[in-house]
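S.K.: Those sequence lines, one after another, are chains A and B.
Using the working numbering, the letters of the first sequence correspond one by one to residues 116 to 294.
Using the working numbering, the letters of the second sequence correspond one by one to residues 522 to 624.
Since the hints were made in silico from the structure, they are not lab data.
Remember, predicted model here, so these are calculated numbers, not experimental data.
Watch out, some of these pointers could steer you wrong.
Covered stretches of chain B, as calculated for chain A (at least 3 residues, CB under 8 Å) [unchecked claim]:
| # | region |
| --- | --- |
| 1 | 548-560 |
| 2 | 599-612 |
Just a few of them, taken from the derived set where beta-carbon distance is under 10 Å, the chain A residues facing chain B [claimed, not checked]:
| # | residue |
| --- | --- |
| 3 | His-118 |
| 4 | Leu-124 |
| 5 | Asp-248 |
| 6 | Ala-276 |
All residues carry an ideal CB built from backbone N, CA and C; glycine is no exception.
Take a look at the letters that make up each chain.
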Amino acid sequence: MIHPIPFILLAAVAVAAALGMLLSHNAVHSALYLVLNFITVAIFYLALNAPFIAMVQITVYAGAIVVLFLFVIMLLGAERLRSAADDVRGPERLHRYTALALALVLIGVVGYLLFQGGLGVGGTAATAGAALDASPQALGMELFQSYVLPFQVTGVLLLAAIAGVVIFGHTKKRGGENA
Amino acid sequence: MPSAVTINWYIALSGILFVIGALGVLLRRNAIILFMSVELMLNSANLLFVAFARHLGDLDGQVLVFFVITVAAAEVAVGLALIVAIFRTKKSINIDEINLLKG
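Can you build the whole structure from these sequences, using the hints too?
M.R.: This is how it looks when you write it as structure tokens:
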């Protein structure tokens, strides 16, 4: 397991990046903060003996998904919302109170469980995980032996996503109406 | 200071990140930032999956993270295509202005 001091430093970076994503007014800045958060979480994966997941996190999340976000933001020119009123200071104050209540409840529950040492899992140091073989080979064996059917369903899901994107993105050349 | 990082620390970190993502969904009105917040929530769940895989010595958690990442990628692709299609007709991605099924 990771030492407490680097854990706290990394966790501070991750939370700060998430807050930066939440609070920045420019959507491009939000996407870049999101990259920082993803890379920090990838370092946590490395510390948690999950090297393959860490690399997938960097290539798929920080690479592909955020680049897709940035493409769409810049394609639409939608760094900022068009309306003059800032979106956080909108008229819908109910959202803010709902969000505040949700945050208090969730943080309260997590804090209570931590102080109580509850969940039935905490407290003890991980001994079982130390011997776990989480190399890409072991993960691949697990994936293709125990999870073959979900893996193939994933292929169908990706095909459906591709078809959906093509249908949504398609426009007729003439006539000017969307398909 | 405690001498070792236990699973509780990861639960706390994951909870905080999830709450920040939920706050983003509730507070922001920009549809693209809404999607980023959803990604943040999925990511916090992934972190907890990997932490428990390590804690319990079970590789299934990491396999599940693999599937979550795949579904997230498909979701983002379809969601961003939807946003682009909506932007073409309404010239806006403020979700408060997207209130009609037939725009």
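S.K.: Work down the list of hints and note, for each, if the structure agrees.
M.R.: These are the hints, each one checked on the structure:
| no. | hint | verdict |
| --- | --- | --- |
| 1 | 548-560 | holds (count 10) |
| 2 | 599-612 | holds (count 11) |
| 3 | His-118 | holds, 7 Å |
| 4 | Leu-124 | violated, 12 Å |
| 5 | Asp-248 | holds, 8 Å |
| 6 | Ala-276 | holds, 4 Å |
Comparing the model with each earlier hint shows a violation of hint 4 alone; every other hint is respected.
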